[in-house]
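Assemble the dimeric complex from its two separately framed chains, guided by the hints.
These protein sequence lines are chains A and B, in that order.
Take 1 as the starting number for the first sequence in the working numbering and just add one per residue.
Take 1 as the starting number for the second sequence in the working numbering and just add one per residue.
If you're looking for bench data, these hints aren't it; they were derived computationally from the structure.
Since no wrong hints were added, every one of them can be taken at face value.
Partner residues are not named here, just some residues of chain B that face chain A (Cβ under 10 Å, in silico):
#1 ARG9
#2 GLN37
#3 GLU44
#4 THR102
For clarity, every value in this text was computed on a predicted model and none was experimentally measured.
Note that beta-carbon positions come from the ideal geometry of N, C-alpha and C, so glycine has one too.
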Amino acid sequence: AQSVAQPEDQVNVAEGNPLTVKCTYSVSGNPYLFWYVQYPNRGLQFLLKYITGDNLVKGSYGFEAEFNKSQTSFHLKKPSALVSDSALYFCAYQTGANNLFFGTGTRLTVIP
Amino acid sequence: EAEVAQSPRYKITEKSQAVAFWCDPISGHATLYWYRQILGQGPELLVQFQDESVVDDSQLPKDRFSAERLKGVDSTLKIQPAELGDSAMYLCASSSWDPINTEAFFGQGTRLTVV
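With the rest of the complex left out, here is chain B (with noise of 0.2 Å):
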């Protein structure tokens, strides 16, 4: 069955470093999202793309985070320079275009921990 692709795991980084985390979408799907989740909330949306183009990013601290798509297949997220509230678990999505099949595949995320 095919799988969202994240890495790393898991991510420990002093504050003020750069952080770079890297995601590969379910082959043929178009949309991939990156979302924020802090440990006992919901996943908060940061960027979304539709092939390479961004489609939304109005929750993304773009003075620090940055996310890129550059042949609209994997994509890469950036924080720099990271700070202690970065901490959390960041997920990466992919769907299909098609109106039908719409829903949302996640990978098993990575956890940063920001010292």
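So here's chain A without its partners, still in its complex pose (with noise of 0.2 Å):
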């Protein structure tokens, strides 16, 4: 079966030092793989996508991403975090029917 897994429900991070999200795939054939994030009581916001193209991928405020197929991994990542930051991400994958399937979460703390 085709999923993605973001293996840390929680992560903890102080202001102003790098951030990792992690996101593993296991999707067939050539992924289309996307980060969004969530603020509280809100729909979720589009931050960056993979399609083809150059591995690393930037996004909205700041965000990147890597795509990495020999480790199936797409972890979003930023240099610099901001306690704004702090937020629900969610990774999701997409098939050739449009589809679109999200991960369980990760929660973003960012301390001041």
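Right, here's the structure in full:
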């Protein structure tokens, strides 16, 4: 079965430090991979996507993600965390039928 | 900036009652999704439309849930009768069928509480 996995339920990082939110995938073919962020009582906001091309993808709010085919990973990164980055982050994949499936989420807390 | 509109934002209903949610996608988006999100978990796809046709409703509890998108634009998700376990956030999203610009855009959601 195809899926994405987010191995960490919670990530804590100090403000100003680099952050990483992990995602691994088990998707056949050439996967379309996404990162979304969710703030309390809000819908999900699109951050970035990988479809093809450069393995390093840059997105909104200074976030980036690296597609690593050999490790089947698509980790989300940011060089310097802000308190306002504290939120719930979801990795997702898309199939050829435009279906969009999400991981279980990682709660990021940036400590002032 | 174009947005996905959902209403109501909050709904409290008694179990066994009927409840309905409405979604208006971004203009021109052919694909429309309904998701259910239980607090602290990832969104679970309930139904996906391509224009007015259902593409995937394999996770939709069809004995009590129904969804329609009659003119291929806005959509309604209905629950009848509601059960306590249906308490969750219901999210609507839409996307273009363009394979390059395929990311989904989400509405603010409807938080349902069944009492």
